[in-house]
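Trainee: If you want the building blocks of each chain, they are given just below.
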Amino acid sequence: MKKKRRKTASNKVNNYQRKKERPGYYFILLSVVWVTIFVYVPLIMAVVRVFQDYNTGEFIGFENFDYVLKTPTFINSFKNVIVLSLIITTLMTVFSFGFASLINKVTNEKVAGITKALIYIPNLMSGVIIAIIFNLLINEGIGLFAAIRVANNKWPIKFTTDGIWPYISIIVPTLWVGIGYNTLIMLAGLLNVPKEYYEAAKLDGANSWHLFVHITLPNMKNYFILVISAQITGNLQMLEIPMWITGGGPLEKTMTPTLYLFNTFRDSGRSPNIAIAGALIIMIIIVTMNIISFRLIHSKKAEV
Amino acid sequence: MMNKHKFKKMFFKYSTYLAVALITLIILFPIIYIIPFAFKSKSEFSSLHDYTWLPKQWQWNNFKYVFQVNVNGGKFLNALISTTIVAVIGTILVVFVNMLAGYGFARYNFKGKKILFGFVLFTMFIPGITIMLTSIRLCNVLGLTNTIFVLFLPGVASGFNVFFFRQYFYAFPDNLEESAMIDGANAWQIFSRIYLPMSITPMVIVGVGSFMGHWNNYLWVTLTITKNEEYLTQVMQIIRSLSGSPASRHGNGIVIAGTLVSLIIPFLLYVIFQKRIVEGIALTGTK
Chain L
-2 MKKKRRKTAS NKVNNYQRKK ERPGYYFILL SVVWVTIFVY VPLIMAVVRV FQDYNTGEFI
58 GFENFDYVLK TPTFINSFKN VIVLSLIITT LMTVFSFGFA SLINKVTNEK VAGITKALIY
118 IPNLMSGVII AIIFNLLINE GIGLFAAIRV ANNKWPIKFT TDGIWPYISI IVPTLWVGIG
178 YNTLIMLAGL LNVPKEYYEA AKLDGANSWH LFVHITLPNM KNYFILVISA QITGNLQMLE
238 IPMWITGGGP LEKTMTPTLY LFNTFRDSGR SPNIAIAGAL IIMIIIVTMN IISFRLIHSK
298 KAEV
Chain R
-14 MMNKHKFKKM FFKYSTYLAV ALITLIILFP IIYIIPFAFK SKSEFSSLHD YTWLPKQWQW
46 NNFKYVFQVN VNGGKFLNAL ISTTIVAVIG TILVVFVNML AGYGFARYNF KGKKILFGFV
106 LFTMFIPGIT IMLTSIRLCN VLGLTNTIFV LFLPGVASGF NVFFFRQYFY AFPDNLEESA
166 MIDGANAWQI FSRIYLPMSI TPMVIVGVGS FMGHWNNYLW VTLTITKNEE YLTQVMQIIR
226 SLSGSPASRH GNGIVIAGTL VSLIIPFLLY VIFQKRIVEG IALTGTK
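Protein chains in written order, with the working numbering: chain L, -2 to 301; chain R, -14 to 272.
These aren't lab readings, by the way, just hints derived from the structure by calculation. This one's a predicted model, so the numbers in the text were calculated from it and none came from an experiment. There could be a bad hint or two in this list.
Claimed, not checked - Simulated coverage check for chain R against chain L, where a stretch passes if three residues somewhere in it have a Cβ under 8 Å from a Cβ of chain L: (1) 13 to 23; (2) 47 to 57; (3) 60 to 66; (4) 108 to 115; (5) 179 to 190; (6) 218 to 227; (7) 240 to 251.
Stated by the list, open to error - Covered by chain R, according to a simulated footprint, are these stretches of chain L (three or more residues, beta-carbon under 8 Å): (8) 60 to 70; (9) 129 to 142; (10) 175 to 186; (11) 283 to 292.
Just so you know, even glycine gets a beta-carbon here, dropped at the ideal spot from N, CA and C.
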């Protein structure tokens, strides 16, 4: 039977295309079934539950949303995570681009190769291990910085509670894990910019600032959007690093929405349906942001 | 005598190299820094006054003690084996399912393709926390909780990995399969004989990423493995439980020793595939 179809397919364009269609479904079938069961079913369950009262199962409209939006911890955690995301995303973008530009100037291929391999290593670390590593640096009882302070006859800094240190104690590890990966992405972007552009501009007397603004930036726009949107998406969901380094403290100053919701889920005393409402709000924000960044990337292609 | 221009050029070249080396060193510093701590005895963590980076006495026993710790009835060796099994099965499934889907979306035209692709891709933007609770409920209903399946089944298909494979298969020229079709190869043969051998790089990238994801898994494990099942204890549970109670008998040294042991397999994997991973990340950014 198969043979027959193939024969007609090679003769008629229409049949050829129709024949081509069917295996397409076979190839994608598993993934569609899988995400339906393990992503969309729980999502629909969540959407149903968010309109229900946890104890009675009664439909109560938007009350759960109303409640979570009036919970001070949740609102504060949002403010915290927005500030943290903005700082981390900005620093990550600047650092990864700057570092990529430096590596791009390294002409020795071996040196560049080794550098690229080494800087990716932090990416292999789990949240559990990141917390352990940074604890050995910032812990006031056993950490390196405390030891340095003590050696200079000063009190150790309480990194997880004093002043702005809790923020720094979250920002630095987050940057550390992601810097290698993002540098490699930026580097890919830099290599994608045609070298002739630079040469032509230099002949016209452009200085390095001009080159950056008029050649590098526009040609790397998609890479910047990619890094920035992935960063914001990821940082808005920050969970493990705040959980294990500051625990959301002091006084919920470094509490993030995801951490708050996670704690709520585990605390049997509070209604999980309210937390689901909060989690759906986060999802709406992330989806909206990503639609915007996809549009931005797309619009650029249309121009070119 | 060196002329001014040449000197300037040399200066820039070497200061670039120096800066790159310095930044790389700063990035690696935390990892290098913790290594000697795996060999410190408990007493060396008690005071900051005679703080030294290298241990005064090398306590190799820390590595022995690590293997005696018991979490949820499982010991470290159990956890290393169990996590490896979970990660290997999970990785094979992840590569298989997502690669097929990426191939289907890239190389075939069919009705509803756009909608189905959007359907799969959209899962990328659904935060884990949003479906966490109901996923656990679902796994309960399906009877997966407290079995090995809950550790790898739910995460198999992902929008990002399908997208990643699709980008890769998209780049092949159209006429690649034509000669094979004329030869009478069927769809599966075209995929497995022509495309599969050329797709080692994306397979390695998604595969290593998936392996690391399973290896580093902690939260999902603690949420879905609630009974003491010694053969289901995962590596990060051991590490986390060590670091949660460092004041225990052997002190902080054992936490770092455990950490280092847990990094051996990921590290070997990275060393083996490093070149493909680093090159392949460029692919992530291409569209």
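Trainee: Each hint needs a verdict: does it hold in this structure or not?
Mentor: Here's how the hints hold up against the structure:
1. 13 to 23: Result for this restraint: holds, n = 6.
2. 47 to 57: With 0 residues in contact (Cβ-Cβ under 8 Å with chain L), the coverage given for the stretch 47 to 57 of chain R is violated.
3. 60 to 66: That given contact is violated, which follows from only 0 residues of the stretch 60 to 66 of chain R lying within Cβ reach (below 8 Å) of chain L.
4. 108 to 115: holds (count 8)
5. 179 to 190: With 0 residues close enough to chain L, the hint is violated.
6. 218 to 227: Holds, because 3 residues of the stretch 218 to 227 of chain R bring their Cβ atoms closer than 8 Å to Cβ atoms of chain L.
7. 240 to 251: Satisfied; 6 residues make the cut.
8. 60 to 70: violated (count 0)
9. 129 to 142: holds (count 9)
10. 175 to 186: holds (count 8)
11. 283 to 292: holds (count 3)
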